[in-house]
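Protein chains in written order, with this note's numbering: chain A, 79 to 378; chain B, 79 to 378.
In short, the hints are calculated from the structure, not lab data. Hints are not guaranteed to be accurate.
As the list claims (entries may be wrong) - Now the in silico label distances, taken between C-beta atoms and shown as ranges:
#: 1; chain 1: B; residue 1: A328; chain 2: A; residue 2: A262; range: 31 to 37 Å
#: 2; chain 1: B; residue 1: E179; chain 2: A; residue 2: N310; range: 57 to 63 Å
#: 3; chain 1: B; residue 1: R375; chain 2: A; residue 2: N310; range: 22 to 28 Å
#: 4; chain 1: B; residue 1: R115; chain 2: A; residue 2: N313; range: 33 to 39 Å
#: 5; chain 1: A; residue 1: A99; chain 2: B; residue 2: E179; range: 41 to 47 Å
#: 6; chain 1: A; residue 1: E315; chain 2: B; residue 2: E179; range: 38 to 44 Å
#: 7; chain 1: A; residue 1: S106; chain 2: B; residue 2: D120; range: 35 to 41 Å
#: 8; chain 1: A; residue 1: D271; chain 2: B; residue 2: R375; range: 41 to 47 Å
#: 9; chain 1: A; residue 1: K154; chain 2: B; residue 2: E174; range: 45 to 51 Å
#: 10; chain 1: B; residue 1: A336; chain 2: A; residue 2: R290; range: 28 to 34 Å
#: 11; chain 1: B; residue 1: A328; chain 2: A; residue 2: E315; range: 29 to 35 Å
#: 12; chain 1: B; residue 1: P210; chain 2: A; residue 2: S106; range: 44 to 50 Å
Stated by the list, open to error - Covered by chain B, according to a simulated footprint, are these stretches of chain A (three or more residues, beta-carbon under 8 Å):
#: 13; segment: 149-158
#: 14; segment: 199-211
#: 15; segment: 317-330
#: 16; segment: 337-344
Stated by the list, open to error - Derived pair list, reagent style BS3-like, types lysine-lysine, alpha-carbon separation capped at 27 Å:
#: 17; chain 1: B; residue 1: K373; chain 2: A; residue 2: K373
#: 18; chain 1: B; residue 1: K300; chain 2: A; residue 2: K373
#: 19; chain 1: A; residue 1: K327; chain 2: B; residue 2: K327
#: 20; chain 1: A; residue 1: K277; chain 2: A; residue 2: K244
#: 21; chain 1: A; residue 1: K94; chain 2: B; residue 2: K327
#: 22; chain 1: A; residue 1: K244; chain 2: A; residue 2: K144
#: 23; chain 1: A; residue 1: K293; chain 2: B; residue 2: K80
#: 24; chain 1: A; residue 1: K80; chain 2: B; residue 2: K80
#: 25; chain 1: A; residue 1: K144; chain 2: A; residue 2: K94
Every residue, glycine too, gets a C-beta built ideally from N, C-alpha and C.
2 protein chains.
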Amino acid sequence: MKIVECVPNFSEGRRKEVVDAIVSEILSVEGVRLLDREMDPDHNRSVITFIGGPEGVKEAAFRATKKAAELIDMNKHRGEHPRIGATDVIPFVPIEGVSMEECVEIARDVGRRIGEELQIPVYLYEEAATRPDRRDLANIRRGQYEGLKEEIETNPERKPDFGPAKMHPTAGATAVGARMPLIAFNVNLRTTDIEIAKKIARAVRFRNGGFRYVKAMGFEIKERGMVQVSMNLTNYEKTPIYRVFELIKAEAERYGVAIAGSEIIGLVPMRALVDVASFYLRLEGFDPSQVLESKIREVL
Amino acid sequence: MKIVECVPNFSEGRRKEVVDAIVSEILSVEGVRLLDREMDPDHNRSVITFIGGPEGVKEAAFRATKKAAELIDMNKHRGEHPRIGATDVIPFVPIEGVSMEECVEIARDVGRRIGEELQIPVYLYEEAATRPDRRDLANIRRGQYEGLKEEIETNPERKPDFGPAKMHPTAGATAVGARMPLIAFNVNLRTTDIEIAKKIARAVRFRNGGFRYVKAMGFEIKERGMVQVSMNLTNYEKTPIYRVFELIKAEAERYGVAIAGSEIIGLVPMRALVDVASFYLRLEGFDPSQVLESKIREVL
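Chain A with its partners taken away, still in its complex shape:
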């Protein structure tokens, strides 16, 4: 069975009826199932997570984008999170029986259709990127909606992969890509010194010489009198959770600070946790198909 996850982000986090309408479009496709929906009023943004087969997720992502273009006007959108369009970003994630290459194909197919049929400029990103500088979403979003609107027609650097080199009148532009599942992993430190969290974030993150697949920031958690290293692990196979955790532990020790605990926010692939157990138990030759639930799914 082929399962692809799709996690589109929409520039609407306040009007529930708009998000409901978008979710309805997604669920109107047979075989597509909703995993999660989150609305953030401060960011004025929502994140919808759904799964389905390759054709199902393609159709659902397209319908959602079409509906968002009808209901969201980027000229009026305000929110803290960087964004370039009504459907800001559409990542496709391989879950089961599907390769990353297939997800790249899916992203390109959907991107082409959004460009041609909806006349929304589309930028391919991460694994689906056609140019190295477009792997990183931050580069595509540079200047956000307002900045891109000024540049897109005149700067050849910002020509989209699909669709017109001109912002859609209401929907702006959209980034479509393929990526590994993200893990949101936070480590809490027994100190109120935010500088320590920031230093450790710099030690682990790619940008400052740390692990290739770690994005990290240091935050205060005032209500608990602690600080936190808040991370996105963007490839748990190549930069596993336990390696990041052990480095943070070593760095924290250097400041005489203990780790109070950690958190995984949202969903985490079973494999990522199996890898943690294997590391600490020093498991030899363990195969994820030995997990009872995997075996049961296989035979049912």
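Given the coordinates of chain A, work out where chain B should sit on it, guided by the hints.
Same frame as chain A, but now just chain B:
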């Protein structure tokens, strides 16, 4: 969805056609699926693992017992493993949407039917036991087939829970019970000193004052020049893997011996590995429903 696992052991590990015939009976029940089958010629014993709904596993266990009574003659059986009957033991294990209490009911229903319809004496064990001394299978199997045959008609202590107080002419007797999933967990030590493995086995196992849900023995692994603490963890919720592993690590250190690695043999419930990851990462508030694959199963 209700899923029960059943892991009957049959006193035949050499004649493939006999085990095939038993497996066919099991799979003749609608909705029942085979997870695993193992034949051990030295023990002259086979272990079949299957799953299904409550009614399906009951019917499949009954049909398998009936077939085994036709094809296996305990008067001719020789093998290293302790046994009392053709179908030696039938444990039911709660997997999903089913409580231990329901598995106890299932064990009693199947045991009653085997006793009445097949005229095989049945002893209820572990969670299904009707007397404390029958919780432990070793007590029920005392004297094995030959010893029980001598005592069953005269010793009231050995009166079965169901069926006649008289061995079935070919099939002997059967133990039927309910239990948690077992985890076969081995830890390999970097020494050739078997005494160290034996001492550590005594430290961790219930029998000598160790953890309540651990059975352990020390073995040599000659081909690797190591020794092994070989264990069955009989309740991973109450005696979790990581706690056993950490104690073995501490005990091994006391002899200056390092842990080379560990192994999980066969299947392991996802929850047991999630608990390991949670312990070592010091995870706060992690819910197993955050595992992507669980979430996907839930929505599909």
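Hint check:
1. B:A328 x A:A262: 31 to 37 Å: 34 Å, holds
2. B:E179 x A:N310: 57 to 63 Å: Between B:E179 and A:N310, where Cβ atoms are some 43 Å apart, the hint is violated.
3. B:R375 x A:N310: 22 to 28 Å: 25 Å, holds
4. B:R115 x A:N313: 33 to 39 Å: 38 Å, holds
5. A:A99 x B:E179: 41 to 47 Å: 46 Å, holds
6. A:E315 x B:E179: 38 to 44 Å: 41 Å, holds
7. A:S106 x B:D120: 35 to 41 Å: Given a distance of about 60 Å, which is not inside 35 to 41 Å, the answer is violated.
8. A:D271 x B:R375: 41 to 47 Å: 43 Å, holds
9. A:K154 x B:E174: 45 to 51 Å: Distance hint for A:K154, B:E174 holds at roughly 48 Å.
10. B:A336 x A:R290: 28 to 34 Å: Given a distance of about 31 Å, which is inside 28 to 34 Å, the answer is holds.
11. B:A328 x A:E315: 29 to 35 Å: 32 Å, holds
12. B:P210 x A:S106: 44 to 50 Å: 59 Å, violated
13. 149-158: violated (count 0)
14. 199-211: The restraint on the segment 199-211 of chain A is violated, since only 0 of its residues have a Cβ under 8 Å from chain B and three are required.
15. 317-330: With 3 residues close enough to chain B, the hint holds.
16. 337-344: holds (count 7)
17. B:K373 x A:K373: 16 Å, holds
18. B:K300 x A:K373: 32 Å, violated
19. A:K327 x B:K327: The hint holds at about 20 Å.
20. A:K277 x A:K244: 42 Å, violated
21. A:K94 x B:K327: 54 Å, violated
22. A:K244 x A:K144: Since the Cα atoms of A:K244 and A:K144 sit roughly 17 Å apart, the hinted pair holds (cutoff 27 Å).
23. A:K293 x B:K80: 41 Å, violated
24. A:K80 x B:K80: Cα-Cα ~25 Å, so holds.
25. A:K144 x A:K94: 18 Å, holds
Violated hints, listed in ascending order, are 2, 7, 12, 13, 14, 18, 20, 21 and 23; each of the other numbered hints is respected by the structure.
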